[in-house]
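Fit chain B to the known structure of chain A by using the hints.
Protein chains in written order, with UniProt numbering: chain A, 1 to 412; chain B, 1 to 412.
Where hints are given, some of them may not hold.
[What the hints assert, rightly or not] Computed list of lysine to any residue pairs in SDA-like fashion (alpha-carbon distance at most 20 angstroms, straight line): (1) K173(A) - N143(B); (2) K359(A) - A139(A); (3) K412(B) - E279(A); (4) K173(A) - L273(B); (5) K412(A) - R271(B); (6) K412(A) - P275(B); (7) K186(B) - G204(A); (8) K412(A) - Q278(B); (9) K186(A) - L274(B); (10) K412(B) - R271(A); (11) K412(A) - P272(B); (12) K173(B) - R271(A); (13) K173(B) - P141(A); (14) K173(A) - L274(B); (15) K166(B) - S202(A); (16) K412(B) - S146(A).
[To be verified] Derived coverage of chain B by chain A (criterion: at least 3 residues anywhere in the stretch with Cβ under 8 angstroms from a Cβ of chain A; other residues may be distant): (17) 177-189; (18) 201-208.
[Unchecked claim] What follows is a list of derived Cβ distance ranges for each label pair: (19) D57(B) - E268(A): 57 to 65 angstroms; (20) T264(B) - L402(A): 37 to 45 angstroms; (21) Q235(B) - T366(A): 35 to 43 angstroms; (22) T363(B) - L402(A): 57 to 65 angstroms; (23) E80(A) - A69(B): 36 to 44 angstroms; (24) E178(B) - E368(A): 44 to 52 angstroms; (25) D29(B) - G281(A): 42 to 50 angstroms; (26) P408(A) - E80(B): 31 to 39 angstroms; (27) L402(A) - P345(B): 46 to 54 angstroms; (28) T163(B) - A61(A): 25 to 33 angstroms; (29) P408(A) - D375(B): 45 to 53 angstroms; (30) T366(A) - A69(B): 42 to 50 angstroms; (31) A61(A) - L84(B): 35 to 43 angstroms; (32) G204(A) - A48(B): 30 to 38 angstroms.
Hints listed in this document are in silico derivations from the structure and should not be mistaken for laboratory results. Here the structure is a predicted model, which is why all the values come from computation and not from measurement. Glycine residues also receive a C-beta, built at the ideal position from the N, C-alpha and C atoms.
2 protein chains.
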Amino acid sequence: MPLKTSWVDSANSADTDFPLNNLPYGVFDDGQGARMGVAIGDFVLDVAKVDHGLSPDLFAAPEWNAVMAAGPKVWGALRERLTLLLSDQAYRGAVEPHLVAQSDARLLMPFRVSEYTDFYAGKHHAVNVGTMFRGAENALPPNWLSIPIGYNGRASSVVVSGTPVKRPLGQLKAPDAELPEFGPSKRFDLELEFGAIVGSPSDGMVSVEQADDMIFGYVLLNDWSARDIQAWEYQPLGPFQAKATATTISPWIVTKAALEPFRTSTPERERPLLPYLQEPGPMIYDIALEVALAPEGKDETVIAQSNYSHMYYSAAQQLCHHTTSGCAMRVGDLLGSGTISGPEPDSRGSLLELSWGGKEPLTLGTGETRSFLEDGDTLTLRGHATGDGYRIGFGDCTGTILPAGPIPDWAK
Amino acid sequence: MPLKTSWVDSANSADTDFPLNNLPYGVFDDGQGARMGVAIGDFVLDVAKVDHGLSPDLFAAPEWNAVMAAGPKVWGALRERLTLLLSDQAYRGAVEPHLVAQSDARLLMPFRVSEYTDFYAGKHHAVNVGTMFRGAENALPPNWLSIPIGYNGRASSVVVSGTPVKRPLGQLKAPDAELPEFGPSKRFDLELEFGAIVGSPSDGMVSVEQADDMIFGYVLLNDWSARDIQAWEYQPLGPFQAKATATTISPWIVTKAALEPFRTSTPERERPLLPYLQEPGPMIYDIALEVALAPEGKDETVIAQSNYSHMYYSAAQQLCHHTTSGCAMRVGDLLGSGTISGPEPDSRGSLLELSWGGKEPLTLGTGETRSFLEDGDTLTLRGHATGDGYRIGFGDCTGTILPAGPIPDWAK
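Next comes chain A alone, as it looks inside the complex (with noise of 0.2 angstroms):
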């Protein structure tokens, strides 16, 4: 599909995140109140505002769930309404009026998250980690070819790109010692990911076409975890506090109709998979994707480059899984990919792979080195598709690292 071109100028720009083709949608204050607004070049469309020919009431509250709610149909009835509206001359007397620059906006949460489920779907993450931690020949547990592993996560923790990230305090037990302390974690990480909101409920098992269907679109997530606080508490009952501090996503919901000339396989399995989770086509995505970290007040430096085709399983592979237990999903829940790791060395999507537990730290454009975070780095995601003569971006997806608070006098 070639670029469809816009009577936004910047909007046709081969460099823009935002082409007509894109449309991703979010949720925007520029001092006037939070809206919900829909990228376009280097605008918001201020959308409530135009005739998009929906019910005022989808429009009613900062978030797009009730838009999420209303589901498949009027979602494709509003992005061809809306590429009408930015694509012909005779509307824009009536919508120029209601764009909004990028540059005088904060963008905000897109939507309201209501269960947020965190899985570990990445085969190259999965082997690095599980043979720092279990050696080589015991790198994969055993169901990892059969089931899309995954946790339920904490939706209270999911902020906004651009929000502060304050390193977590919490049990860490050195490895020599016998007892716990209580402090700041020491090995505080990111973990590069993808992001699939659930569009449309299910009270029941699923398929994973129907899945498929029910997802609405896609964002970047940063799942950032304490390392150390996660290896002593995370047995038997798997991560909680070293997961719970934050989780930052993109401020544009990338749709999936935008991202349909993108699909492609999953990788060819080692192992068959169960009925209920093969795939009726391709599920997955080609999106390019890169980390960048930077000290305080220094140049950055891309330390990661993976795409999220690396990924064994698809959201809507885990998304039906998810379901297989009677479990009801809801408007709004979030899916985190698990961490997307390719096969190459600097393709990693975190520092405990990047720095192999610490023991070969990264070295970075300024000179500095870098095992885990260190306090004033700011973290940046970033990722797009790429199409014919356009790009497809999700907005950078960031976060900076603030000094743990002190410790509580009575914590001491």
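Leaving out everything else, chain B in the frame of chain A:
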């Protein structure tokens, strides 16, 4: 504290679960719509209709979340006002018309669950399960005496007492099989738990004392668990679909105020707790609990008797620990205690323990045996605290097992 007497005669019986000392909060429907109610003797008070002295906004939706969000002063004022209205004859004429017989009322979810966290704070349970899975020497994980181990559960799984529970489908792998199959769980189980409801939000770390102040009340909780799904899926990230079928809670929220006289201390510590987890006073409650199992169409057998005071960690300690990483807590968060097993074989709070992994099936009063739950079985949890001439009850927490749904063609 002795029995407080009410002009509602049935509330003055030593046998009622709902004397004036209790005043638990629920949601009911007598055919005229869902409303907020307060149990008193054999009745439910239609609380929005009486002169409760608070803003009507707090009673606009059929759920107790708005009252919780109004904060502890409002919680105290409402309890004081209801005590006056239901004890002083002067109010009888105005209040009595708004009493609905409990036998005419269907009880609904008393509150909207924001997020659900389940803990693992029963030492007898942890030792029993650990012995079965890892041997007696490694029964307790090394972190268990230091951390209130928990994992995030699925809020959408929480249902009110009386909701049927469909046996889950899932991935199962027999110990001698090479590969998993997809089918109905054969080892479906209950877990006897207590649930604490967060009434006040937090954003940052809170002390045990502050955490206790944040708790609005308690319910009984059955954490239905598919042991065979769990055994295959839970490494390395913890239980997921095994716990997502349903989580049943009792219909009445018993307030922290009603339970004050029954506070008692958690057990002596084998290893000193870190300062942040130390309790400033008694934080657990003396509440007798029982589990009854009735095969379809037959009499029930009480299969276990336990007490909440067996727990090693209190809900206040669990909530404090939950906030250490900076995790925000919200109004309506639900914390499951973990399975409440006592030291004796007949005080074990799950069939996994009662039948010792299925090796020692239980014989019911009907002569039938059980290793795990069978279709048609009705499980009921009951709990009460015993005061001076009165008891504080929660109402039955019950669920009947329905057969698993048929496996869809696309999953065969």
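Quick rundown of the hints versus the structure:
With a C-alpha separation of about 9 angstroms, the suggested pairing of K173(A) with N143(B) holds against the 20 angstroms cut-off. Pair hint K359(A) plus A139(A) holds up; C-alpha atoms about 18 angstroms apart against a cutoff of 20 angstroms. Proximity of K412(B) to E279(A) is assessed by CA-CA distance (about 14 angstroms); at most 20 angstroms being required, the pair is judged to hold. Annotation: proposed proximity of K173(A) to L273(B) holds, straight-line Cα distance about 14 angstroms (limit 20 angstroms).
Restraint check for K412(A) and R271(B): satisfied, since their Cα atoms lie roughly 17 angstroms apart, inside the 20 angstroms limit. Taken as a hint, the K412(A) and P275(B) pair is honoured in the structure, with Cα atoms around 6 angstroms apart against an allowance of 20 angstroms. Taking the CA atoms of K186(B) and G204(A), the gap is near 19 angstroms; set against the 20 angstroms cutoff, the hint holds. A C-alpha spacing of about 11 angstroms is found between K412(A) and Q278(B), which places the hinted pair at or below 20 angstroms, so the restraint holds.
Restraint check: the Cα-Cα separation between K186(A) and L274(B) comes to about 19 angstroms, which is no more than 20 angstroms; the hinted pair holds. Between the alpha carbons of K412(B) and R271(A) the distance comes to roughly 17 angstroms, so the proposed pair stays at or under 20 angstroms and holds. A distance of roughly 14 angstroms separates the Cα atoms of K412(A) and P272(B); the hinted pair therefore holds under the 20 angstroms criterion. Using a Cα cut-off of 20 angstroms, the hinted pair K173(B) and R271(A) holds, with the two alpha carbons roughly 15 angstroms apart.
Our distance criterion of 20 angstroms between C-alpha atoms is met by K173(B) and P141(A), whose separation comes to about 14 angstroms. Restraint check for K173(A) and L274(B): satisfied, since their Cα atoms lie roughly 12 angstroms apart, inside the 20 angstroms limit. Proximity of K166(B) to S202(A) is assessed by CA-CA distance (about 15 angstroms); at most 20 angstroms being required, the pair is judged to hold. At roughly 15 angstroms between alpha-carbon atoms, K412(B) and S146(A) fall within 20 angstroms of each other, so this suggested pair holds.
A stretch counts as covered by a chain when three or more of its residues have a beta carbon under 8 angstroms from one of that chain; for the stretch 177-189 of chain B and chain A the count is 4, and the coverage holds. Beta-carbon proximity to chain A at under 8 angstroms applies to 3 residues in the stretch 201-208 of chain B; the threshold of 3 is reached and the given coverage holds. Between D57(B) and E268(A) the C-beta distance comes to about 58 angstroms, which sits within the given range of 57 to 65 angstroms. Checking the proposed 37 to 45 angstroms range against T264(B) and L402(A) shows it holds: the Cβ atoms sit about 41 angstroms from each other.
At roughly 40 angstroms, the beta-carbon separation of Q235(B) and T366(A) lies within the given 35 to 43 angstroms, and the hint holds. Between T363(B) and L402(A) the CB atoms are about 60 angstroms apart, so this pair conforms to the stated range of 57 to 65 angstroms. Separated by about 40 angstroms at the C-beta atoms, E80(A) and A69(B) satisfy the suggested range of 36 to 44 angstroms. The beta-carbon spacing between E178(B) and E368(A), approximately 49 angstroms, falls within the hinted interval of 44 to 52 angstroms.
The hint said 42 to 50 angstroms for the Cβ distance between D29(B) and G281(A), and at roughly 45 angstroms that hint holds. For the pair P408(A) and E80(B), the beta carbons lie near 33 angstroms from each other, so the given range of 31 to 39 angstroms is met. The beta-carbon spacing between L402(A) and P345(B), approximately 52 angstroms, falls within the hinted interval of 46 to 54 angstroms. Distance hint for T163(B) and A61(A): a CB-CB separation of about 30 angstroms, consistent with the stated range 25 to 33 angstroms.
Taken as a hint, the range 45 to 53 angstroms holds for the pair P408(A) and D375(B), whose Cβ atoms sit roughly 51 angstroms apart. Evaluation of the 42 to 50 angstroms hint for T366(A) and A69(B) yields a pass: the beta carbon distance comes to about 47 angstroms. The given range of 35 to 43 angstroms is respected by A61(A) and L84(B), whose C-beta atoms sit roughly 39 angstroms from each other. The hinted window of 30 to 38 angstroms between G204(A) and A48(B) holds, with their beta carbons roughly 34 angstroms apart.
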